[in-house]
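Chemist: Given the structure of chain A, go ahead and fit chain B onto it with the hints provided.
Protein chains: 2
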Amino acid sequence: MMSVLDILRRIEGGETTAENAIRATMEAIASKEDEIRAFARANADARAGAAGPLCGIAIGVKDIIDTADFVTEMGCPAIYGGWQPRGDAAIVTALKQAGATIAGKTKTTAFAASDAPDTRNPHNLAHTPGGSSSGSAAAVGAGVLPLALGTQTAGSVIRPASFCGAYAIKPSYRLIPTVGVKCFSWSLDTLGLFAGGIADLAYGLAALTGRGDLKLAAAGNAPRIGVVAQYFAGDPDPDGQAALDRAAQAAERAGATVRTIALSDIFGQAWRAQHIIQTFEAKHAFGWEYSERYHDVPPGIRRTLDSAQKIEPAAYDDARRIAHRVRRAMNDVFADIDVLLTFSAPGPAPSGLDSTGDAKFNRLWTLMGMPCVNVPGYVASGNLPVGVQIVAPFGQDDRALYAARFVDEALKKL
Amino acid sequence: MMSVLDILRRIEGGETTAENAIRATMEAIASKEDEIRAFARANADARAGAAGPLCGIAIGVKDIIDTADFVTEMGCPAIYGGWQPRGDAAIVTALKQAGATIAGKTKTTAFAASDAPDTRNPHNLAHTPGGSSSGSAAAVGAGVLPLALGTQTAGSVIRPASFCGAYAIKPSYRLIPTVGVKCFSWSLDTLGLFAGGIADLAYGLAALTGRGDLKLAAAGNAPRIGVVAQYFAGDPDPDGQAALDRAAQAAERAGATVRTIALSDIFGQAWRAQHIIQTFEAKHAFGWEYSERYHDVPPGIRRTLDSAQKIEPAAYDDARRIAHRVRRAMNDVFADIDVLLTFSAPGPAPSGLDSTGDAKFNRLWTLMGMPCVNVPGYVASGNLPVGVQIVAPFGQDDRALYAARFVDEALKKL
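From first to last, the protein sequence lines stand for chains A and B.
Using my numbering, you'd call the opening residue of the first sequence number 1 and step up by one each time.
Using my numbering, you'd call the opening residue of the second sequence number 1001 and step up by one each time.
With the rest of the complex left out, here is chain A:
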């Protein structure tokens, strides 16, 4: 995969220029685009941005994120074909201010829900890249893009990252403002980053948020890791279990304290509450599309919205109360561990392009607003990557990244 830090080092060392680095990335994108179909539209005029921490870095922007310079079609041209926002989303302004270049708008499932684009998994073209941040995950996983933006409401950053072998972080809820991002569920929607390594994620997140403390310390203590199976969510595939076992073993060999954690029933309640909150809020967020453009709403999200009409406010209020209670209970889980280690996805990417896979192992953490990092490191048959997920307490994004780097290095040493 491409490396943000590597590109910046080469620019700084005089091996290349920011302008050439952008050109090289755009050429790499073009060379694979026929195969993986990651972009709704590439930036034909991509040039290096102003001086800044990301000058020379081309970034993919998921096509539900408003851009003043590109149409934003939400993965649903039937309703948003040719739609040109007046302004940029807050995160797009942040990336321009950091000197980054928009590589283009990356393909998304319709409205970041379940109707898949034609994007293909870069490691096996017969398989889905996952979703909803399909194009961002595929382009980074393919090694043609150093950094990309995605969004997660259930599992739309971590799951496609796992399927495509990319590193990714879904930060703490609203660490990155979602202003100018098409809303699915205001309590859950979270912007995230895909990159070629943990240090790139930390650097990118620091550059885009102005939070320098997210840059990783050089070294430190081995983390105390709690491994969670999330039984309430059902079982993983054998490859998903193997990837988790391998990561746990690698971390332990590298000096981490690793033990299994059992989450009590209330976490299962919260896991179920996530779906109610997501669906109830989607009913309101897509109120106009559903009531005025029903027949243009793609079938997957339309079914979701059909079912959403039946959810009463009282059920939603109950779900929110459960979430509130479980966020507090989560503190106890971290009494004597630093991070959790769990599945990023049930297993490798499903075959075909119709289904983008199952977010069941992501829902709880998104609801809790906790930072999650995907670490690749296992490859199933068919050349299909399977990642694992590091989860830290809300607001401890640096801790999540630190532990993810530890596990990543441990896996590379195995």
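Hints listed in this document are in silico derivations from the structure and should not be mistaken for laboratory results.
Ideal Cβ positions, reconstructed from N, Cα and C, are used throughout, including at glycine.
The reader is advised that the hints may include incorrect statements.
[As the list claims (entries may be wrong)] Taking lysine-lysine and the BS3-like style, the derived pairs with C-alpha atoms no more than 25 Å apart in a straight line are:
#, chain 1, residue 1, chain 2, residue 2
1, A, K215, B, K1215
2, A, K32, A, K215
3, B, K1215, B, K1413
4, A, K310, B, K1215
5, B, K1032, B, K1215
6, A, K215, A, K412
[Unchecked claim] So the derived list for chain A, only partly shown, Cβ under 8 Å to chain B, looks like this:
#, residue
7, A90
8, Y173
9, V179
10, R259
Modeler: Quick look at chain B alone, frame taken from chain A:
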């Protein structure tokens, strides 16, 4: 003032039709528009909507709320002139589904900040109607509109309602989804309603949220009221104090338990934190306007955004932590009272149209996400109304409305 319930009763009783009721409202608006200038644009084709709880009711929609059928200029035509959103905001879909008619887009300060429109106070044209929901408050206060939408980030619903003698509710944070509303501060922005009476507010809120339990019970116990001066926010004008004293006295005479509550220092900390949160989030929310259209940003909000550039993430994080802590502490305040009674604004509307007044008595409650209701009932010299504010715990919007009705009836009996 016009009454929603009255109009509906007359339609149901056959005294008028929904179509005629809409026409009458539009004529009333037109008859006063030269004087009060409440509308950015009125709906020239206003007709009765589909059958529903608000059929026959024309509603003013603040011009930072997206409408598929009307341009939405954010009070800033220099940047958003002629801007036509593709879809309706979630609340606009809800009002159409309830059968309501959009009376037009009401004037707002630029981006719901401090740069005032030319709207005038209906009770004294030499005075401001307040802001930022200037047109909505003025039109309802003038008696030419039965219902209107506003938004509050600091005090932009309750304060102009007080100045214009309108009833208004700023509900619990996100009781009404803000999807499709121009974001100022995602942690604070709250949609609210203006109407001619408490029963209208309850009815409108129930119709727009599908929460039937917000319709008020016919009778019940006299509320236990805590009167709070908010010393940390500074002093009110003598008229503001007189309005509060009068309301407290009226409530007590009508049988309420009324006692003074002193809020501890941490509430003052939260009051100060509100400003930091609002300003830091505005920096991100208006990132595109500030960085790409700086000279078109009106001077008041530009100054705010200039100062916002200096706020560090750490200061914002501290402010959020304070808010989180104080939300919990707020529970203790309500141990033996039902609602708080405090100032809606420091006093009557300032003279002139340049300043929309001071939100200092509204900031804390917006930060806490608590439902607030303005109850008119006092008139200062110059024919200027001064309201009082009822505040209930988060999620207890029905309690806020119930107590507000009690105080309102008590004031009318004085």
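Chemist: Next step is simple, just say for each hint if it's right about the structure.
Modeler: Cross-check of the supplied hints:
| no. | hint | result |
| --- | --- | --- |
| 1 | K215/A / K1215/B | 52 Å, violated |
| 2 | K32/A / K215/A | 31 Å, violated |
| 3 | K1215/B / K1413/B | 23 Å, holds |
| 4 | K310/A / K1215/B | 21 Å, holds |
| 5 | K1032/B / K1215/B | 31 Å, violated |
| 6 | K215/A / K412/A | 21 Å, holds |
| 7 | A90 | 4 Å, holds |
| 8 | Y173 | 11 Å, violated |
| 9 | V179 | 5 Å, holds |
| 10 | R259 | 30 Å, violated |
Hints 1, 2, 5, 8, 10 from the earlier list are contradicted by this structure; the remaining hints agree with it.
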